[in-house]
Every structure is written in structure tokens, then in C-alpha cells.
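Protein chains in written order, with the numbering used here: chain A, 9 to 694; chain B, 9 to 694.
Just so you know, these hints were derived from the structure itself, not from any lab. Treat the hints with caution; some may be incorrect.
Note that identical chains are pooled: a pair holds if it fits in a single copy or bridges any two copies.
In silico lysine to any residue, SDA-like type, Cα no more than 25 Å apart, as pairs [to be verified]:
#: 1; residue 1: Lys554; residue 2: Ala167
#: 2; residue 1: Lys470; residue 2: Met631
#: 3; residue 1: Lys138; residue 2: Lys325
#: 4; residue 1: Lys373; residue 2: Glu184
#: 5; residue 1: Lys372; residue 2: His75
#: 6; residue 1: Lys176; residue 2: Leu155
The structure presented is a predicted model; accordingly, all values stated were derived computationally and were not measured.
There are 2 protein chains.
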Amino acid sequence: MVRARGTEFGKKAAAERGSSQGREGREAPSRVVIEGVSPELDGGRFPVKRTVGESVAVSGDIHADGHDELVAVLLHRVDSDRDWSETPLQPLGNDRWRASFRVERQAPHVYTLEAWLDPFLTWRRGLLRKSEVGRVERVDLLVGAELVEEAAGRAGGPAVRALRSWAKALRPVRAELAAQVGRALDEELRALMLRHADRGAGVRYAKELRVEVDRERARFSTWYEMFPRSAASEAGRHGTFRDCESRLDEIAEMGFDVLYLPPIHPIGDAHRKGRNNNPLAEAGEVGSPWAIGAAEGGHTAIHPQLGSVADFQRLVKAAQRRGIEIALDFAAQCSPDHPWVKQHPLWFRSRPDGTVQYAENPPKKYEDIYPLNFESPEWRGLWEALLEVVRFWIGQGVRVFRVDNPHTKPYRFWEWLIAEVRREHADVLFLAEAFTRPRVMYQLAKLGFTQSYTYFAWRNTKAELTEYFTELSRGEASEYFRANLWPNTPDILTEYLQFGGRPAFMTRLALAATLGASYGIYGPAFELSENRPRSAGGEEYLDSEKYEIRFWDRDNADSLRPFIARVNRIRRENPALQQDRNLHFHAVDNEQLIAYSKSSEDGTNTILTVVNLDPHHAHSGWMELPLAELSLSAQQPYQVHDLLTDARFLWSGPRNYVHLDPREAPAHIFRLRRKVRTERDFDYFL
Amino acid sequence: MVRARGTEFGKKAAAERGSSQGREGREAPSRVVIEGVSPELDGGRFPVKRTVGESVAVSGDIHADGHDELVAVLLHRVDSDRDWSETPLQPLGNDRWRASFRVERQAPHVYTLEAWLDPFLTWRRGLLRKSEVGRVERVDLLVGAELVEEAAGRAGGPAVRALRSWAKALRPVRAELAAQVGRALDEELRALMLRHADRGAGVRYAKELRVEVDRERARFSTWYEMFPRSAASEAGRHGTFRDCESRLDEIAEMGFDVLYLPPIHPIGDAHRKGRNNNPLAEAGEVGSPWAIGAAEGGHTAIHPQLGSVADFQRLVKAAQRRGIEIALDFAAQCSPDHPWVKQHPLWFRSRPDGTVQYAENPPKKYEDIYPLNFESPEWRGLWEALLEVVRFWIGQGVRVFRVDNPHTKPYRFWEWLIAEVRREHADVLFLAEAFTRPRVMYQLAKLGFTQSYTYFAWRNTKAELTEYFTELSRGEASEYFRANLWPNTPDILTEYLQFGGRPAFMTRLALAATLGASYGIYGPAFELSENRPRSAGGEEYLDSEKYEIRFWDRDNADSLRPFIARVNRIRRENPALQQDRNLHFHAVDNEQLIAYSKSSEDGTNTILTVVNLDPHHAHSGWMELPLAELSLSAQQPYQVHDLLTDARFLWSGPRNYVHLDPREAPAHIFRLRRKVRTERDFDYFL
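Bound-form chain A, shown alone:
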């Protein structure tokens, strides 16, 4: 099938014509250059990422010698399809051109650019200018007639007759010149000529650039992290998968759609850590779930106290019924008791004294963890075994993995593993927990991770937030790095949360949920505003769940559960909040107030968020909105509807007053409602 949707240019699919770049045939080399194409990650080495329904805006520098009219098109298709779709590129000035296409299916797409110089359009422009000053000559029309005749030669079907008839009309047989010129400039002829342009002397960009297409949750997801062993309904008991099941309703009501469980495997006994990371556990202490592997098994086994594989499958299905996916932790490391230590000694580094090298960050030692040796002579076996682990859990119904410390395992390993998994199961998502240097985080995202943790937890001031989220939403990273914002994790209790009280938790939740299409919290510590650190100046929790079972008073009156539920409902109901490349910051004349908006691609849904960053004091200020960019009129008032409080305000003009008291609500999440007129002249707000 030959398609040419959304274009005026063509029946012939461009794929049928070869690129003329570098050809050495009878015809002269193409005069057109296409360069500076964007997005193009590392010269096309990596794909950009989209979810079904999202657009890719492609631009490039396209130019040629001289002053001939240039026509350029964006070509795009599902990779496995044969034929290109075409969209005309629009000139932006300074030889830059741009067009967009929408990815319609969850399958890899490719795109490229094609351009050519159009003699007919060049001739037409000249004729127009000459006609404006009354300097058209008969021969000018003959030149045009020749071009139309040539197009007839290229065309097929009814177009041949139409073009011949146009050519005839241009030949001046005693006709009045002005009428001839009018005919020559007819829009219908222009469109016909464009459809049958001679693209043989054009050029196709040398690369076909790729788009990796994910399902929607890759872009828009709301995560809840919970230690299953703390899920028991009464204190003092080791939680089970059954207990987790009974928590699902509450999690669904709060509006989460991914439930992430720290490792669920048997925990090693050797060098087991005690409460508050004591170097050695006392008898009966449960240890860290990240010390994976014991006599009962390794990465494909389940901690006996949590339940059976059947229990786990039940949990997965029960969650599914509530729209929740279970995300598992994938931590490629072993406790000294992991079966692999004996079965595959070469998968670990051994020391000259015959002992196995434990994890260390000198002078710190982590003797309860053996890192895997990805450079082992048996690396292939190790890589395959880790892939088998992922396959095993996919077999149990898991489609989301949170990967622990991917930045301490080789890039090539992840690139290979993710590609292998996605070849078999394109719906599997990977979240990279790489709290490390920016280029390393970006590299992991480029080579396949679906989502990534970010520096959000440590970006607190307006300047920090604005700079960081401008980079993430508008820089090149926005093409491949999908941020997942976590105000807290079991490893991260920030100073801001330690000292800001309950309002700080509300502020950080509002920011995470509106700045990021994907965010998550480590709860119930979060909804209960747990903020006691193990030591001053540190970010570890006191009595951290990493080393012990906690019982949480979930029904505490101060729980943020209702607030979280409200925020997450706003996210679900407003498509503007379900994407990231649409973020724009707005000026407020108070450093403690930050304002930003997001609009859905069709422009019908706009959310304006204002947050008070100071958890201790009320702040007010004047905010300045770019009315035109928000499709608001400077003449007409507009309504802002605070979806948190249900309050509505009528605003007009770009400058408006905002006031936020953290003791009441630290944020406005406004939906903008534009005033419009119907044909009946009733006012209402859209």
C-alpha cells in the first residue's frame, strides 16, 4: 500500500525513489544539503522515546546554493512497514525547517527528511514578481508550459491529461497575456505540480532515525513503594503477600497505579545488617532485602515468610483488577549465601587469599553484599542468568522493574538485557535507580531504561527547580530521559522533609505530581510525614525499614492520604499533567513562589500550578502569565479553578495576585478555563 497522508505532495511514496546523496550517475549531484537534524541522539546511535499518540517534532537545516524554491518533507513510518508517510516541512527562517508526526502504534518508528529544489515554484515566483511590475513576456509562459509538460511525463493516470491541458492553456495562442498569467498562477496548477514534482534531483537525509514507542504508563505513572514485610495488619508480625493484597484498595483509592516492592527474595545470613544498619544483626533480626540469596534460593526464589509463588501471582492479579501493576526490584548483586556464590565462583571477584571480594567504597566495606563480576571470563553465562531472572518474573506476570543501582553495572549489559526483554515483551518497563553523575544517568536512559530517578529530591529553591526541569523538559534529554520524581525513598529523607513538617511533605508531593508525569512516594513513611533521621546531617531514616519491620499507623488523622488521593485524581483527570515536554515556568515576584503550566497537545486542557516553597510561612506575590501562549485573551477575563480546594477566581490580564499559606494548602493547582462565546452569545467557560 502506498500512503501519503497529511501532505499535498504525493502519490508516489518516496521510499520508491533512491537517495541521490552521493550518486554518480548521469545527472549532476544534488544541490540540496540536509544537516543539523533534531532529534538525532548521538548521530542516530540511540532512538528517541515516545508513547502511543505522542508527536515527534523534527527539524533540520535544509539549504542549497542559489535562490531556487526549496520543498522539504518529513518521512515517517512504522519501522516494519514498507512505505513512508509524508508531512510537509515548514520553514522557520534561517534555513531551519520543521514538521511533526504522531506515533500511532506501539511499535518502533523511523523518520528522515527529504528535500528538493522545485523549478516550477521558482518559475512561478519569478512570474508573479514580473507580473506585479508588468514585465511578463510570452517566452516566460512558454518556459512554464515546458515545466508542466515535463510533469505530465512523470505523472500517471488522470493527472497526465490534467497537466497536458494546463500546459496547453499556458501556450499563448493569441490569448491575452494577463489572463494567461492568471492561469499560470492558479493554485490548482500549483498543487498538481507539487504532487508531480521531480524529486529525482533532491536529496534524502542519509540516516533513518528511530523512535522507540512504549505503552502509556511509560510516560504517565504514579508509584507507591511499600515493604511487603511491613504490610501486616498488626504490629509484631512479618507481613505477607496476602497482607499486601489487603492494602491494595487503600493504594488504589490514593490513586497509585504502580506498586513497587523492594526485593522479595530470601535474605542472606552472613554479615547480615542489624537495626539502623548495625554492622551485625542480632539473632532474629530480618536483615536488608537487598542482601539477596540464602539457602532457600536466590533471585528467582521468594522469601519464605512472604508467601509462595502462587501467593505472589494472586497479588499481581488482585492489583491488576484495581488498575495497579506490581513492580519488582531488580538488584544484580548477591549475599554471601546466594546459591550462585558456590555454583558460579567465577561470577564474583576473588582475592589472592581465596576470599570473595565484597562490595566496598574504600574505606567503607559492605561485607553482606558480593558484587557480580561483569567482566568475568564467564560473563556470557552471568548475563544470560540475569536475563533468565527477569524472564522468570515476567512469567509470573510482572511487567515493571525498578532496577537497583544500574550505574554500577556495565552500560552494554543493560543495553543488551533491555533489548532482549523488549524483543519478547514490548510492554516491559524499566525504572533506573541511578543516583549518579548526569552523563551516566542520561546514558542509561539512552540505552534503554524507560524511566529514571532524578535529582528532584535535592532541588528545593525556585532557581534550582526551574533550571533542572527546564533542562529535563526542553533540553535534548526530553527526547529520551523520562523523569520519575520521588520526594523520598527508603534511602532519602531530605533535609527539607526533616525540618519542614507536614507542609513540607505536601509541598514536595504537589511539586512531584505536577512537575512530573511520573512520580512516586515511599509510603507509608510519606503519607505519615515520617521525618526522623538516623543521624543529624544524614538522609537515612531512623529505624529504617531497610533493616527492620515497621508497623505504621495508617489511619492517623494527620495522614496525607486524602491530599494524595485528591492530587492523583487531578492528575488522572487532566491530560496536561500526563506529559513532560509541555512544561513552562512563569514569573512570580516572590522567590518562595514557583509557578508553571502544562497544556495538553490539543490545547483544551491547561493546568497552572503555583507552589509555596517555604513550609513555614505564608507568601504572596504577583504572577505574570504569557497570555498568548496560553491562548488567553488580554481583553477578556478568564477563570482559574483550583482543583485542590474547588475555589474559582475570575482573573484578567497577565498579572494576578496569588497567596499561599502552607498551614492551609501549599499549592494551587488551577485548571484554566477560557471564556468563549457560542453562536447563541451565551458566555461560558471552556
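With chain A held as given, fit chain B onto it using these hints.
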């Protein structure tokens, strides 16, 4: 021959080891990534440009998973050599690395990057940290001894024994631990281990990037444009090459080293233009030299009234003796009388009425010019014929061509022609006269033009000059676009010159000569401050030499000849002014005063220029110098020596007062002389 200059890393040339990128052998893929390499023009499609003795600063993003110590080197060589030279890359932070190399020969160079993770350095860092807190164990030293033993296995010659001896020293046979650690951290061992590092698990950047190396005049040149037919010593006579010869001393005394002549070929008769571009010449009028070709011949013929080929050769040699090169105009277009019009009708476009298509920019017509059809079916013959034209003049001793309107001929043609010419004669230089859109100008420079005209003529304000020359000297363009600044040309008499009087000419000359390592003037119109336009609002000269012979009163007392000579001497004597990537602007608190400095690469020569941009009024202001960047001390005074007036000032600190009256001198061209102390404690200024 194996070379490893300027590096501590190695006897083995890296070229002897294969890149591990993508290898599928027994060893695991490399963990290192090299990306974001700069300079890299369009993914390596085009070379960067240098002249002999210049440096190339190369940087790249280099990183790996984990926290191992990374070592990276810049590899560079003359393309035709077999072995690489190496320079260690230095980390700049944020995983960016940089190093420089100098091109030593006028031959294409190539460069690339290589990096690897170094287990010994990683181990050494760990040992150091452990030793700082007294936590070294015997086994730590054994691990190090193993690494040294492995290096001995890789090494050859005396290094084997040295490494074995080090390994032995690390094995703790009853030795005191602290002493062992001291030995392990010995710098000599570190250097030895670096030289015998295991680079097998490293990675070589996939591309070898190219440097095109020119002779010095490509970078530093001073051009004088002159119509030979106006060179006669008395009014009313058609000038000759002999007349040009008698002008050479004067041109040499002014300090020019390129004498550019507009086309010297027979001029067409058909549609010949008259004085002041009258559509039709009267009998006896000389016509435009750009209407190339008549019965006497075309692009390889000489206008009979200028002289013979022998006369031309004499002129070339006479100029050479004075250090001046003759630059010819290469205008790939024909008058209707050019022999090619009859010999090769297919090299032109014909119209349906059988006439040849003349040049036009509708509704304007240029009937005295036939453009060549580079897309003709006989394009190969045409391209070859044009190459033959260039070869012909090279045969007459010409090594510099000023190419007329290259932007109206295909990119591919120029890329091919320049490559062909430079394959045979690497010393030939091409100046692109492409006054067109930025990307087109940059493209021509990328594909081979040695130098390029610029927008300088129209950049008059401080903001305009600062923005444009920052782009040219520090942007990517600085790697391939060599600016040649012309305050005027026969086509360009700017408003600034029209209305600024003699001071305007001085200002623009001072700017051109100090902002640009290459600049040129169209004289004698320039030195005589010729500023009468043909029409108000236009940039054409009244009584332009393009259409008639002019007799110039060269000995006029107001001639800028002495000023020009002084400025050009300053340029010759100060290497800082002979390059472009060293330009830095400095703040002055007066919008009419612009200040900037250039320093030679070795830092011994610094020129600070201050120009009054207002040709009508004196201006003064406080200038702020970045003392540290200029290697000046904030504590000690420094001398600024105005090379235009020979005045010397003693300044101190960053802020100093400047005053410039355009009626006296519109510019300071200061040489900075730093105060230094010798061992004898005499003060003097370097």
C-alpha cells in the same frame, strides 16, 4: 617508527591495538563510553582547519559505569603516518575531558580518543583511602601485587624486571605494613603501571576526525583589491599589468601581502553595461570585468589592453619579490560573447524561443551575464573545464583565488573542485565571496573554502560586533570558517563610510585589522576615503570602477596610506593579531567604545584594542580588564604601549580610563607589557 610523545602512557602505539567497540570476543564488551567529541563537524563529514603550528583542542564526554579510575588519551598523527602520538586527556569535571595537540606539518592530520578503566589506579586510590584511616589489610597489598605481576606479563624489555621487583616488594613477607603501603603508593610504580596499562578492555572512539592544514597565509593575510585598468600613472589611459607592477612598492609599503585583481579577461560586448550601470554602454565604454569572454577568448584569456600572459607572469614574479601574492578573481559565468556559448550550448540554459537564459532576479534582468548550468546533461564536461581554468592560472604562478558568488553554484561542485586543486597544489587558497545566509556561508567554508567574506561591513554597533565576532571566534564556526574582513568592496560602500568621513574609514580599518587576522580593503577608494554613493540609500559607488576607468590622486595629503602602513606593521610585528580564536571582548561603560584583546598562544604577546565607534564625537569611559586572564597582577602596575601613537601609560588594577577623539585617532592599539622581576631585581617590562 613508534612514537609516544608528550605522554606518560606508552611505548606501544595505540594503533597496534584494535578498538574494542562492538567486539564480540571472549572478553566482555568495554565499559567505557566516548561521546560528544568536539570538534567534530557534522559527525566527522568535514575536517577542521588549522595552519602549521596551530593547536587543536579536543574534548569529549568519557565515562563508564561504577567508580573505577578512568584514563583517557588523545591520539593524533599526520594522516599518512602509521603511528599515533598520544597526549593525556585532563578531566574538566562532569565527565568532560580535554587535551590539545599542535599540527607540525602542512599535511592532513587525524585525531581520535581512547580511554580505559585502570584497575591499578582504582586499587591505588582505595589503598590510599584505607591507609588514611589505618584500615589496610595484608590481602589489599596482595591484590596490588597481582596487578603489578599482570603488567609485567604485558610489558617487554627492562620493564619486566622492574615490575617483577615491585610486585615482590608488595608481597608482605614479614614486612612492616606501613612501609609496604608507602612502596605501593610510590609515584614511580604509578608511572610504570600507566605505561603498561591493560588497554585491551578500553575503547577507541569510532571515528578518526580530520584536520585540514594550510600554510600560514590561510590564517593571516592582508589583502588589497585594485582594478588593474585604473592603475595607469596618468588619467585617461587604460591601465596595464606594467602599471600594476609600478604600484607594487607602494602596496608593499602599506603592508599588504595579497593583491587581488578583479577579472582580467576579455569583456563581452553584447548588452555591455555603461557608466554607473547604465543598461547599455555607449561606444568606447569599457564594461564590467565580470562580463567575462569575448572574441579574444574566455576565462583563460587576458584582456588585450592589460597585456600579455608574459606581462602577467612578470607581475606575479615582481609581486613575489615584495612578499605579495597576486589573487585572481574566479567568476564562473559568461558574457554572451564568451566562446563557450557557441562551443558548448548545453552548458547554458536555453529558453523555448531558442534564446539563452540570462541571469535574472525577477523582475531584474542581467542580460550581459549568462549563468552556467551546473545541472546540464554535460555537467561533467563543464566542471572539468572550470577546473582547467583554475589549473591554467596556477600554471601562471597564481596560488590565491577570490571566488565570485560561490553561493550561486552547487556545493558539490566546489567541494570537488577545491579537493582536486589541493590534491595537486596544497598551497592554493580560495576566498569565498558569498554574501548570503549564514548556513550557506558556513557550508561553503566547511566544504573547502580557505577564507570567507563576512557580514563585518554591516556590523557597526558594539553589540553587533561583539555578538558576531564572539560567534566567529568562539563558536563551532571558528573551527572551519576563516573570516576575511572587508570594510569596503567595489559593491559595498556602507552607510557608515558614506556619512562618517575620514574618521569612519580609520575606525573601520582599525576594527578590521585587529578583529580579523585576515582583512582587506578595496583601494585606492579606501585610502582616499571615497564615499560618494550612486544613489541615496544604496551601497554602490558613484562612478564605480566596475563600469569605468578611474584615475586616483594617490598622493593626496589626506590619504590614509601612512595610517594603513602603521596598522599593518603592527599586525606583522604582533603574533597576537595573526590569529582569530584568541579574541576576547572587555567591558567599557560607554556604548561607543569597544575593547577587546588577543594574546599569542605562548602568552608573550598581548594586544588590547579600544575603538571609538562614533566617527563624529570624542568618547571616554572606564574599561574593565580581566587581569588574571591576561596574566596581569592586581598588585603590580603594568604598561600599555599604544603602537599607533607610541604613547605609553602605566596602569594598575582592572579599571582604567580611556579617551578617544576620532579627529585625532579613533583607536588605541595597545601592547600590554607586564612588569616582571629578574633575579637581579631590576624592574622591566616584558
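Checking Lys176 and Leu155: alpha-carbon separation at most 25 Å within a copy, between copies, both or neither? within (12 Å within a copy, 86 Å between copies)
Is it within, between, both, or neither for Lys373 and Glu184, if the alpha carbons may be no more than 25 Å apart? Between copies, since 24 Å is at most 25 Å while 95 Å is not.
How would you label the pair Lys554, Ala167 (within, between, both, or neither) given a Cα cut-off of 25 Å? neither (73 Å within a copy, 50 Å between copies)
If the cut is 25 Å between Cα atoms, do Lys372 and His75 qualify within a copy, between copies, both or neither? between (67 Å within a copy, 14 Å between copies)
Taking 25 Å as the upper bound on the Cα-Cα distance, should Lys138 and Lys325 be classified as within, between, both, or neither? neither (74 Å within a copy, 50 Å between copies)
Up to 25 Å between alpha-carbons, please classify Lys470 paired with Met631: within, between, both or neither. within (14 Å within a copy, 35 Å between copies)
Comparing the model with each earlier hint shows violations of hints 1 and 3; every other hint is respected.
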